[in-house]
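Student: Sequence:
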Amino acid sequence: MMVYLTRRYRFSAGHRLHNPGLSAEENRRVYGKCNNPNGHGHNYVLEVTVAGPVEPSTGMVFDLARLDGIVEREVLEPFDHKNLNLDVEAFRRCIPTTENLSMEIFDLLRKALEGAGDGPRVRLARVRLQETESNAVVYEGEGGDGGGGRKG
Numbered sequence: 001m002m003v004y005l006t007r008r009y010r011f012s013a014g015h016r017l018h019n020p021g022l023s024a025e026e027n028r029r030v031y032g033k034c035n036n037p038n039g040h041g042h043n044y045v046l047e048v049t050v051a052g053p054v055e056p057s058t059g060m061v062f063d064l065a066r067l068d069g070i071v072e073r074e075v076l077e078p079f080d081h082k083n084l085n086l087d088v089e090a091f092r093r094c095i096p097t098t099e100n101l102s103m104e105i106f107d108l109l110r111k112a113l114e115g116a117g118d119g120p121r122v123r124l125a126r127v128r129l130q131e132t133e134s135n136a137v138v139y140e141g142e143g144g145d146g147g148g149g150r151k152g
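The sequence shown maps to residues 1 to 152 in our numbering.
Calculated from the structure, these hints are not laboratory results.
Keep in mind the model is a prediction, meaning the values are calculated, not measured.
There could be a bad hint or two in this list.
[Said to hold, decoys possible] Keeping only pairs whose Cα atoms sit at most 25 Å apart, straight-line, the calculated SDA-like set for lysine to any residue is:
| # | residue 1 | residue 2 |
| --- | --- | --- |
| 1 | K33 | E131 |
| 2 | K111 | V30 |
| 3 | K33 | A136 |
| 4 | K111 | E77 |
| 5 | K82 | R128 |
| 6 | K111 | A90 |
| 7 | K82 | T58 |
| 8 | K82 | V138 |
| 9 | K111 | A51 |
| 10 | K82 | I95 |
| 11 | K111 | I95 |
| 12 | K111 | E142 |
| 13 | K33 | N100 |
| 14 | K111 | N83 |
| 15 | K111 | E140 |
| 16 | K111 | N100 |
| 17 | K82 | N135 |
| 18 | K111 | E133 |
| 19 | K33 | R92 |
| 20 | K33 | E133 |
| 21 | K33 | V137 |
| 22 | K82 | Y31 |
| 23 | K33 | N85 |
| 24 | K82 | G69 |
| 25 | K82 | S134 |
| 26 | K111 | T49 |
| 27 | K82 | E131 |
| 28 | K33 | R128 |
| 29 | K82 | D68 |
| 30 | K82 | V30 |
| 31 | K82 | G14 |
| 32 | K82 | R7 |
Work the whole structure out from these sequences, hints included.
Tutor: Here it is, written out as structure tokens:
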């Protein structure tokens, strides 16, 4: 039986939404105030959902302390209180929208969970990243099955 376990985390980060391939006018039209040359910040809420069977010996899908350690190492340390455009390598060449940030986080966590030694027993099912009270992005990997992240 598949059980889903979700854990919530918080981090703050700044970014500027800007496509160098667009004119200044097009960037203002597409990104509005999010194209502010000095950037702006968000207090993100990240929900990480793993899926797997309940382990009979522990009664858990996955050890929360292990999950916390993985999220701390892979997401919170590199992203919290950072300028995503300047401080995070992946966003030096990719616009740090919430969509792209969700996919990057998914990829990082999927790889870390695959290396956690639990084999196929547990998998990353989804990440949900809330940027504001009004918008959030849910990413479940390629095909929506939690099976993979971005290509390229």
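Student: Run every hint past the structure and note whether it holds.
Tutor: Hints, one by one, checked against the model:
no.	hint	in the structure
1	K33 - E131	holds, 15 Å
2	K111 - V30	violated, 33 Å
3	K33 - A136	holds, 18 Å
4	K111 - E77	holds, 16 Å
5	K82 - R128	holds, 20 Å
6	K111 - A90	holds, 15 Å
7	K82 - T58	violated, 37 Å
8	K82 - V138	holds, 22 Å
9	K111 - A51	holds, 15 Å
10	K82 - I95	holds, 15 Å
11	K111 - I95	holds, 22 Å
12	K111 - E142	holds, 14 Å
13	K33 - N100	holds, 19 Å
14	K111 - N83	holds, 24 Å
15	K111 - E140	holds, 14 Å
16	K111 - N100	holds, 17 Å
17	K82 - N135	holds, 21 Å
18	K111 - E133	violated, 29 Å
19	K33 - R92	holds, 20 Å
20	K33 - E133	holds, 17 Å
21	K33 - V137	holds, 20 Å
22	K82 - Y31	holds, 20 Å
23	K33 - N85	holds, 16 Å
24	K82 - G69	holds, 19 Å
25	K82 - S134	holds, 22 Å
26	K111 - T49	holds, 14 Å
27	K82 - E131	holds, 15 Å
28	K33 - R128	holds, 24 Å
29	K82 - D68	holds, 20 Å
30	K82 - V30	holds, 24 Å
31	K82 - G14	holds, 6 Å
32	K82 - R7	holds, 22 Å
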